[in-house]
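Given only the sequences and the hints, what does the whole structure look like? Please build it.
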Amino acid sequence: MRRFAYLWVLFSLVSGSLSAQSQEARFTSAAPSPLKRSVFIAPNETRFSGSAQITGRFELIREPGGEGLAGVSRVMFKPDADSRRVLPHEVATGPVRKLWIRNTDEAISALLPPAQRKDLSSGARKLTGTATIVIRSYRSAADCDQRGYDALFVSLVGAPGDAVAVSDVDEVSTC
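The sequence shown lines up with residues -20 to -1, 1 to 155 when you count with mature numbering (1 follows the signal peptide of the UniProt record, and there is no 0).
Check each hint, because a few of them may be wrong.
[Unchecked claim] Below are the SDA-like pairs computed for lysine to any residue, each with C-alpha atoms no more than 25 Å apart in a straight line:
| hint | residue 1 | residue 2 |
| --- | --- | --- |
| 1 | 58 | 12 |
| 2 | 98 | 83 |
| 3 | 16 | 70 |
| 4 | 98 | 54 |
| 5 | 78 | 31 |
| 6 | 106 | 61 |
| 7 | 58 | 24 |
| 8 | 98 | 142 |
| 9 | 16 | 35 |
| 10 | 78 | 9 |
| 11 | 16 | 117 |
| 12 | 78 | 139 |
| 13 | 98 | 117 |
| 14 | 106 | 95 |
| 15 | 58 | 136 |
| 16 | 58 | 35 |
| 17 | 58 | 111 |
| 18 | 16 | 60 |
| 19 | 106 | 56 |
| 20 | 16 | 122 |
| 21 | 98 | 147 |
| 22 | 16 | 53 |
| 23 | 16 | 61 |
| 24 | 58 | 86 |
| 25 | 98 | 42 |
| 26 | 106 | 128 |
| 27 | 106 | 140 |
| 28 | 58 | 146 |
| 29 | 98 | 111 |
| 30 | 58 | 17 |
| 31 | 58 | 29 |
| 32 | 78 | 51 |
| 33 | 16 | 80 |
| 34 | 106 | 29 |
| 35 | 16 | 37 |
| 36 | 78 | 53 |
| 37 | 58 | 95 |
| 38 | 98 | 82 |
Since the hints were made in silico from the structure, they are not lab data.
Predicted model, so just to flag it, every value in this text is computed and none were measured.
Structure representation (structure tokens):
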């Protein structure tokens, strides 16, 4: 009887471990990445340690508030082809096309001069430009059956390209 109980416990541990591994998303990058997977939070979030320098287009989006409420600003970064190669991505979904920046105020302060920050808060809905930035606390999560990526802005490398106002605003997906 003890032997049976021992085998049952062993089977339960092994099958539970395999089940947890099968639920984890598999991540890869086309080139060696300075971002290393550090934490998997079941069922859908994976965090990475380290920092990376990436280049691409930034989009500063102002979503107006309503009924006396202040609006919300968002920063999205669209990495170029070389930067996409070093960003870990889920195998099933392909390279990262956009990355949300979580510390919006710090990113806006670095990417825009004061006059353009004022334009963004007073009427322009979207400004876009090019930049090379350093990110950390990179993470990926699946929400509403869509995988997304975000990170914290650390610093700007060099000067950003001139930001220009654009009229088309990509719709932010919701559930």
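Subject >> Distance restraint between residue 58 and residue 95, which requires alpha-carbon spacing of 25 Å or less >> reply: At roughly 24 Å apart (the allowed maximum being 25 Å), residue 95 and residue 58 satisfy the hint.
Original post:
Is the straight-line distance between the alpha-carbon of residue 78 and that of residue 139 25 Å or less?
Top reply: holds, 21 Å
Original post:
Is the Cα-Cα distance between residue 106 and residue 29 25 Å or less?
Top reply: Roughly 31 Å separates the two Cα atoms, so the pair is violated.
Original post:
Does residue 56 lie within 25 Å of residue 106 when you go C-alpha to C-alpha?
Top reply: holds, 11 Å
Original post:
Straight-line Cα separation of residue 16 and residue 122 no greater than 25 Å?
Top reply: Given that 25 Å is the threshold and the Cα spacing comes to 19 Å, the pair holds.
Original post:
Between residue 78 and residue 53, does the CA-CA distance stay at or below 25 Å?
Top reply: The hint holds at about 16 Å.
Subject >> Hinted pair residue 106 and residue 140, Cα distance within 25 Å >> reply: holds, 16 Å
Original post:
Between residue 98 and residue 82, does the CA-CA distance stay at or below 25 Å?
Top reply: Judged against 25 Å, a Cα distance of about 20 Å means the pair holds.
Original post:
Is residue 58 within 25 Å of residue 35, Cα to Cα?
Top reply: holds, 8 Å
**OP:** Below or equal to 25 Å on CA atoms is what counts here, so check residue 98 against residue 42.
**Re:** holds, 11 Å
Original post:
Does the alpha-carbon distance linking residue 16 and residue 35 stay inside the 25 Å limit?
Top reply: holds, 19 Å
Original post:
Keeping to a limit of 25 Å between CA atoms, is the pair of residue 16 and residue 80 held or broken?
Top reply: Holds: residue 16 and residue 80 sit about 19 Å apart, inside 25 Å.
Of the numbered hints stated above, those contradicted by the structure are hints 13, 22 and 34, listed in ascending order.
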